[in-house]
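S.K.: Sequence:
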Amino acid sequence: MLRGFVLTLVLILLVLQFLASLFETALYAGEKIYMDQNDLLYTKGWLYFFKWVVKPLSAAIALSLVIPAMCSCCCGGPNRRTAGGKTFPGVLMFFSLVLTALWAVIVGFQVRNNDRTTVSVLVDNTIAQGMFVYPLGDGFSFKNDCNAPPFSSMDRGTTVCRLLTAESAIAVVCLALWGLTFVMSLFLHCIVRRNSAKGVSI
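Residue numbering for the sequence shown follows the working numbering, starting at 1428 and increasing by one per position.
Any given hint could turn out to be false.
Stated by the list, open to error - When the alpha-carbon atoms are kept at most 20 Å apart in a straight line, the in silico EDC-like pairs for lysine to aspartate or glutamate are as follows:
no.: 1; residue 1: Lys1459; residue 2: Asp1551
no.: 2; residue 1: Lys1471; residue 2: Asp1551
no.: 3; residue 1: Lys1471; residue 2: Glu1458
no.: 4; residue 1: Lys1570; residue 2: Asp1542
no.: 5; residue 1: Lys1471; residue 2: Asp1542
Treat the hints as calculated values from the structure; they're not laboratory data.
All chains, please: the whole structure from these sequences, using the hints.
M.R.: See the structure below:
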């Protein structure tokens, strides 16, 4: 009963993670295309390229874990000696931990760089450089008002601001989903060990 409940939660989390990561990847690509087409400048750095690796990787791994999760649900759960049985909790734990760490890097630098992506700093950098550079590679401060200057006074500024804000928000969601998946994988692992111990004692 408990095993089936945990597996159901895992399956739901993985599906949500796949959808969120896929949307985040598409949004990130859409931002770049939109800025390139409209000749808008944006930051590039190691974090910019790091995101290009993590976001599609997150979607791909989430999708690849959905199938064994479904098999575990339909084939009696993780106490069976199948590819989707006893080995699944360990595989799930490993990948969810790795992806949680990778998303934590993105969100961590996003929070760390919040002061760099506020309106006042962006305007100061614009004056110093003679041009407005969007922080595509840094995440975006949630404190910014997309309907206020300087975004409202720039061509397509409000649209780009909303895209950057959405991207930053979904990154936090992806981190939370992988974190919850890791917690559920720990529960699943404990259930497997308990059932194995019962089998040995019998």
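S.K.: Next, verify each hint and record whether it holds.
M.R.: Structure-based check of each hint:
1. A C-alpha spacing of about 23 Å is found between Lys1459 and Asp1551, which places the hinted pair above 20 Å, so the restraint is violated.
2. About 19 Å separates the Cα atoms of Lys1471 and Asp1551, which keeps this hinted pair within 20 Å; it holds.
3. Annotation: proposed proximity of Lys1471 to Glu1458 holds, straight-line Cα distance about 13 Å (limit 20 Å).
4. In summary, the hint linking Lys1570 to Asp1542 is supported, as the alpha carbons are separated by about 10 Å, within the 20 Å threshold.
5. Using a Cα cut-off of 20 Å, the hinted pair Lys1471 and Asp1542 holds, with the two alpha carbons roughly 17 Å apart.
When the structure is compared with the earlier hints, a violation turns up for hint 1 alone.
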